[in-house]
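Place chain B on chain A using the hints.
As they're listed, the protein sequences go chains A and B.
Note that the working numbering has the first sequence beginning at 463, numbered continuously upward.
Note that the working numbering has the second sequence beginning at 549, numbered continuously upward.
Keep in mind the hints are simulated off the structure, nothing from the lab.
Built from N, CA and C at the ideal position, the CB exists for glycine as well.
Please note: incorrect hints may appear among the correct ones.
What the hints assert, rightly or not - Simulated restraints on C-beta separations:
no.: 1; chain 1: A; residue 1: Ser519; chain 2: B; residue 2: Glu700; range: 29 to 39 Å
no.: 2; chain 1: B; residue 1: Asp802; chain 2: A; residue 2: Arg508; range: 18 to 28 Å
no.: 3; chain 1: A; residue 1: Ala748; chain 2: B; residue 2: Gly796; range: 38 to 48 Å
no.: 4; chain 1: A; residue 1: Met619; chain 2: B; residue 2: Asp802; range: 35 to 45 Å
no.: 5; chain 1: B; residue 1: Val676; chain 2: A; residue 2: Glu595; range: 46 to 56 Å
no.: 6; chain 1: A; residue 1: Asp811; chain 2: B; residue 2: Lys577; range: 29 to 39 Å
no.: 7; chain 1: B; residue 1: Arg799; chain 2: A; residue 2: Ala501; range: 41 to 51 Å
no.: 8; chain 1: B; residue 1: Asp802; chain 2: A; residue 2: Asp811; range: 43 to 53 Å
Stated by the list, open to error - 27 Å max Cα-Cα, derived BS3-like pairs, lysine-lysine:
no.: 9; chain 1: A; residue 1: Lys778; chain 2: A; residue 2: Lys711
no.: 10; chain 1: B; residue 1: Lys662; chain 2: A; residue 2: Lys711
no.: 11; chain 1: A; residue 1: Lys782; chain 2: A; residue 2: Lys804
no.: 12; chain 1: A; residue 1: Lys788; chain 2: A; residue 2: Lys768
no.: 13; chain 1: A; residue 1: Lys718; chain 2: A; residue 2: Lys592
no.: 14; chain 1: B; residue 1: Lys653; chain 2: B; residue 2: Lys668
no.: 15; chain 1: A; residue 1: Lys713; chain 2: A; residue 2: Lys818
no.: 16; chain 1: A; residue 1: Lys804; chain 2: B; residue 2: Lys657
no.: 17; chain 1: B; residue 1: Lys750; chain 2: A; residue 2: Lys504
no.: 18; chain 1: A; residue 1: Lys818; chain 2: A; residue 2: Lys804
no.: 19; chain 1: A; residue 1: Lys592; chain 2: A; residue 2: Lys489
no.: 20; chain 1: A; residue 1: Lys718; chain 2: A; residue 2: Lys768
no.: 21; chain 1: B; residue 1: Lys657; chain 2: A; residue 2: Lys711
no.: 22; chain 1: B; residue 1: Lys662; chain 2: A; residue 2: Lys768
no.: 23; chain 1: A; residue 1: Lys713; chain 2: A; residue 2: Lys768
no.: 24; chain 1: A; residue 1: Lys782; chain 2: A; residue 2: Lys718
no.: 25; chain 1: A; residue 1: Lys778; chain 2: A; residue 2: Lys718
no.: 26; chain 1: A; residue 1: Lys713; chain 2: B; residue 2: Lys662
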Amino acid sequence: MSEQQPISFSVPEAGFDLALLPEAARKPGSEGFRDAVTAYYKDAYREAGGRVDVAFSEGQIEVGWHPQADQLPSSASIAEHLEAGRYAEAIPLLRTRLQLEPEHIESLYNLGMVYSDLQQLEQALELLRKAVELDPGFANAQVALGVAAIRAGDIDMAQGPLEKAVVLEPRNPFALRTLAQVHLMRSDPASALPHLRNAAVVAPDDPITLFSLAQCILGLDEDAASENEAAELLDRALRLAPSGELAEKIKSQQRKLAARVMRSNASGMPRMDVVMYCSGALEAFAAMDHQGQTQLLIEVAAVGQKGLSINDPDEKVYLKTYRNGKTVSAMQAACILFVGAKLLLPAQDTGLDFEKEYAMAQTMANLNPNR
Amino acid sequence: MPDFAHRNDREFLPSANQALTDLEESTGKPVLIQEDLELQVLATISRAGPEQSSHILRIKAGSNKVSDYLITFECRMALRQDLHQGRVVVENRQARERIINEIEKLHRKLPLAKARELGKFMYNGLIVQLRSTGPGMLVDLWIRQHCPDLQELQAGSIESQITGNLGVLQGGSRASFPAQLYNASIAMNAAYAIFGGDLLGKPHLGVPYTSQGHGATARHLITAALGEGEERRPDDRQIIDAWAEQLGILRWYDWIEQAA
Numbered sequence: 463m464s465e466q467q468p469i470s471f472s473v474p475e476a477g478f479d480l481a482l483l484p485e486a487a488r489k490p491g492s493e494g495f496r497d498a499v500t501a502y503y504k505d506a507y508r509e510a511g512g513r514v515d516v517a518f519s520e521g522q523i524e525v526g527w528h529p530q531a532d533q534l535p536s537s538a539s540i541a542e543h544l545e546a547g548r549y550a551e552a553i554p555l556l557r558t559r560l561q562l563e564p565e566h567i568e569s570l571y572n573l574g575m576v577y578s579d580l581q582q583l584e585q586a587l588e589l590l591r592k593a594v595e596l597d598p599g600f601a602n603a604q605v606a607l608g609v610a611a612i613r614a615g616d617i618d619m620a621q622g623p624l625e626k627a628v629v630l631e632p633r634n635p636f637a638l639r640t641l642a643q644v645h646l647m648r649s650d651p652a653s654a655l656p657h658l659r660n661a662a663v664v665a666p667d668d669p670i671t672l673f674s675l676a677q678c679i680l681g682l683d684e685d686a687a688s689e690n691e692a693a694e695l696l697d698r699a700l701r702l703a704p705s706g707e708l709a710e711k712i713k714s715q716q717r718k719l720a721a722r723v724m725r726s727n728a729s730g731m732p733r734m735d736v737v738m739y740c741s742g743a744l745e746a747f748a749a750m751d752h753q754g755q756t757q758l759l760i761e762v763a764a765v766g767q768k769g770l771s772i773n774d775p776d777e778k779v780y781l782k783t784y785r786n787g788k789t790v791s792a793m794q795a796a797c798i799l800f801v802g803a804k805l806l807l808p809a810q811d812t813g814l815d816f817e818k819e820y821a822m823a824q825t826m827a828n829l830n831p832n833r
Numbered sequence: 549m550p551d552f553a554h555r556n557d558r559e560f561l562p563s564a565n566q567a568l569t570d571l572e573e574s575t576g577k578p579v580l581i582q583e584d585l586e587l588q589v590l591a592t593i594s595r596a597g598p599e600q601s602s603h604i605l606r607i608k609a610g611s612n613k614v615s616d617y618l619i620t621f622e623c624r625m626a627l628r629q630d631l632h633q634g635r636v637v638v639e640n641r642q643a644r645e646r647i648i649n650e651i652e653k654l655h656r657k658l659p660l661a662k663a664r665e666l667g668k669f670m671y672n673g674l675i676v677q678l679r680s681t682g683p684g685m686l687v688d689l690w691i692r693q694h695c696p697d698l699q700e701l702q703a704g705s706i707e708s709q710i711t712g713n714l715g716v717l718q719g720g721s722r723a724s725f726p727a728q729l730y731n732a733s734i735a736m737n738a739a740y741a742i743f744g745g746d747l748l749g750k751p752h753l754g755v756p757y758t759s760q761g762h763g764a765t766a767r768h769l770i771t772a773a774l775g776e777g778e779e780r781r782p783d784d785r786q787i788i789d790a791w792a793e794q795l796g797i798l799r800w801y802d803w804i805e806q807a808a
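Extracted from the complex, chain B is given alone in its bound form:
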């Protein structure tokens, strides 16, 4: 069994504490925290379904310095799920199989089982990126405006994420991915870098992407995520569908009714 910590077992910055309280009060269920060395992303939350008694927040072990920001971010993302109108994104099997087939063709030397695994990993990664990047911008904007205690942690985390993403621009990367998947992922990275640069007052963060002509698409995506001012923010479903349309991956996933 993994080791879980209850929120009372450690101290949080006020904004993280508030985010946890908001999520627990809104859902009537506690948040359990698990540090996970194997986690592929910095943090992720599994919101409790009807049959679960707790939300599970997983944080990559060793990311302590930024964990309060990540906790806040993930709780606020989970709270936004109420705006999905009871529907969730799920994989589209045909799209997934198409990606797997392309991976098998691109990496002929890989054993078939490995190629399938890689294909699934890439497909799932893109869907996670699609589901989280746009809505995450609204959450980051909110944190920037409402959580002064998290400003530095947020800036460090966003900047790390942006510089970490640059590896995908390296010469050899492009040939390893199916073109449509690669282009969609790069466009989302570009949007995040330019958004992060705007948010933190560091426009140079977007330069790697603008110099390769991704600036216009990135700006479209940012506008689709942030909407037209505070009064008219889009919900997550609108953001995700608008991004998918812009990226040409509208049929790569389905929306289904969430179990009651």
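In isolation and in its complexed conformation, chain A is listed as follows:
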């Protein structure tokens, strides 16, 4: 006998086949309609045994059929669905399990995690709270509750469970990292730092931890040693996560760090080479029509995406659309990107801080309007 699988589906009230109902009960939304629909489904599943739930909500009929307890799917099959990310199949199995065993901690935890991933945060928080009430020593459930609270935007609620998780499992990297994240969200990098350092020791190959640690260090100190350590952490993180959303964040942070180092090397003064590059870029953009400007910005932004080592004078890039094709330094390319973004996408954060130099270049352009 193969394993019986629960069934759950929804039907718009207006989509139910009225011919299946007595004539007097064919008005969707009416009490008679709902009673008749409920009776229809109970009858349709009668032979299969088990239990039928029918609920009506916002014009939808929600139907669930749950096999008898001895026909229940095993925990192994639920785990298989969860590991494969097949949440749509795992949810009805977990719900069924909880209907029969409302205090089954593993199912509370798993269903809470699933809802949290699906951003159904109220349900996630309710299930995970119940899981930690029943078993306060369940560290992973404490972490999951903290994560769900962060996702719900309530960092006050998140902190307690995460602190408990770190006490329960001091070497749990996810707990450490998430607690640090709460401190960072409170603009308190000093409290985050020890947790992130511990997390980086137990999970040295986790790019998120390395990235967070770099951010934290940069938020605390401005000395060269800290900048070097952060740069090294960012390099390691990018090697571990070379593409995707995290990689873009790392690259953006690298650009900011490079600009900061540049600024620090110039002792806070505007750099004249940057002023000149911005000035040249302003001139080049002014000589182009809108389409040409856009093409240049797209080209230089694509170059920037790959990463520009603006403190390396030897790094050169070729820009096909800049002054009919020109090889420029990485710093000059960054200036063209900055100026282009200022002119065409003023709300865009390029991750570069050339404001002072750009302002001077603009002043120069105004002094020499016929250049």
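Frame of chain A, contents of chain B only:
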């Protein structure tokens, strides 16, 4: 290069073994097996053409428990290709473009390239569903009657497939698809669920569809697939064309001569 396994590298249930032997003997070419984590369906077979030395059977990794049933199913489906009278279904470009255009209109916030990709995916998915669901019923019926060692695996796989398909009935799904494509797909899912319920003795599997009025169309489709008894089974081309006509998608694909 993907990792392939030859059939001698693992043990199969007798029915799967027989299906592999039948396919290899019928075509004179071996079957290579590849487990693929990225596969969108449970299993699929590429029957060797004149220039290929082997048939390639791809199975979704992690579906081990049901793989012997899937191997049997796919081999028997491949053997049925001999009944296509040397012709194969290919996409109809105009129909595909029409679907892509509708997707672009439905999902205006999607970048154009993504919308095209989604449109192609949906169109291809429907054609695969059309090409495989009806003929697959005959194969499943045959397996039920001739392969006692696969009964439980077959039941589990069919039931999983039916319950998995229910997600498309969710409230938000309908608005995401072009109406004609959605209706055709739901009707085929309904036919499969009702057929599966009949085959496994679990009529409740079809309830989600019959309660929404899909029962009559589903029954027409099942009859078109199974024909009038064992002596008068239709071939795949007859099934596919009859289904397409019933679903209003007859011009969505073309039949072409298969390369010799």
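Results for each hint:
1. A:Ser519 <-> B:Glu700: 29 to 39 Å: This hint holds: roughly 37 Å between Cβ atoms.
2. B:Asp802 <-> A:Arg508: 18 to 28 Å: Cβ of Asp802 (chain B) to Cβ of Arg508 (chain A): about 47 Å, so the range 18 to 28 Å is violated.
3. A:Ala748 <-> B:Gly796: 38 to 48 Å: violated (58 Å)
4. A:Met619 <-> B:Asp802: 35 to 45 Å: For Met619 (chain A) and Asp802 (chain B) the Cβ distance comes to about 59 Å; the hint is violated.
5. B:Val676 <-> A:Glu595: 46 to 56 Å: At roughly 48 Å between Cβ atoms, Glu595 (chain A) and Val676 (chain B) fall inside 46 to 56 Å, so the hint holds.
6. A:Asp811 <-> B:Lys577: 29 to 39 Å: violated (58 Å)
7. B:Arg799 <-> A:Ala501: 41 to 51 Å: Once the Cβ atoms are compared, 43 Å apart, the range 41 to 51 Å for Ala501 (chain A) and Arg799 (chain B) holds.
8. B:Asp802 <-> A:Asp811: 43 to 53 Å: holds (51 Å)
9. A:Lys778 <-> A:Lys711: holds (23 Å)
10. B:Lys662 <-> A:Lys711: holds (23 Å)
11. A:Lys782 <-> A:Lys804: Measuring from Cα to Cα gives roughly 21 Å; hence the hint holds.
12. A:Lys788 <-> A:Lys768: holds (18 Å)
13. A:Lys718 <-> A:Lys592: violated (43 Å)
14. B:Lys653 <-> B:Lys668: holds (14 Å)
15. A:Lys713 <-> A:Lys818: holds (23 Å)
16. A:Lys804 <-> B:Lys657: Holds, because 26 Å separates the two Cα atoms, which is no more than 27 Å.
17. B:Lys750 <-> A:Lys504: Measuring from Cα to Cα gives roughly 15 Å; hence the hint holds.
18. A:Lys818 <-> A:Lys804: Measuring from Cα to Cα gives roughly 13 Å; hence the hint holds.
19. A:Lys592 <-> A:Lys489: Violated: Lys592 (chain A) and Lys489 (chain A) sit about 40 Å apart, past 27 Å.
20. A:Lys718 <-> A:Lys768: The given pair, whose Cα atoms are some 15 Å apart, holds under the 27 Å limit.
21. B:Lys657 <-> A:Lys711: holds (24 Å)
22. B:Lys662 <-> A:Lys768: holds (23 Å)
23. A:Lys713 <-> A:Lys768: holds (8 Å)
24. A:Lys782 <-> A:Lys718: holds (26 Å)
25. A:Lys778 <-> A:Lys718: holds (19 Å)
26. A:Lys713 <-> B:Lys662: Distance ~25 Å between Lys713 (chain A) and Lys662 (chain B) Cα, so the pair holds.
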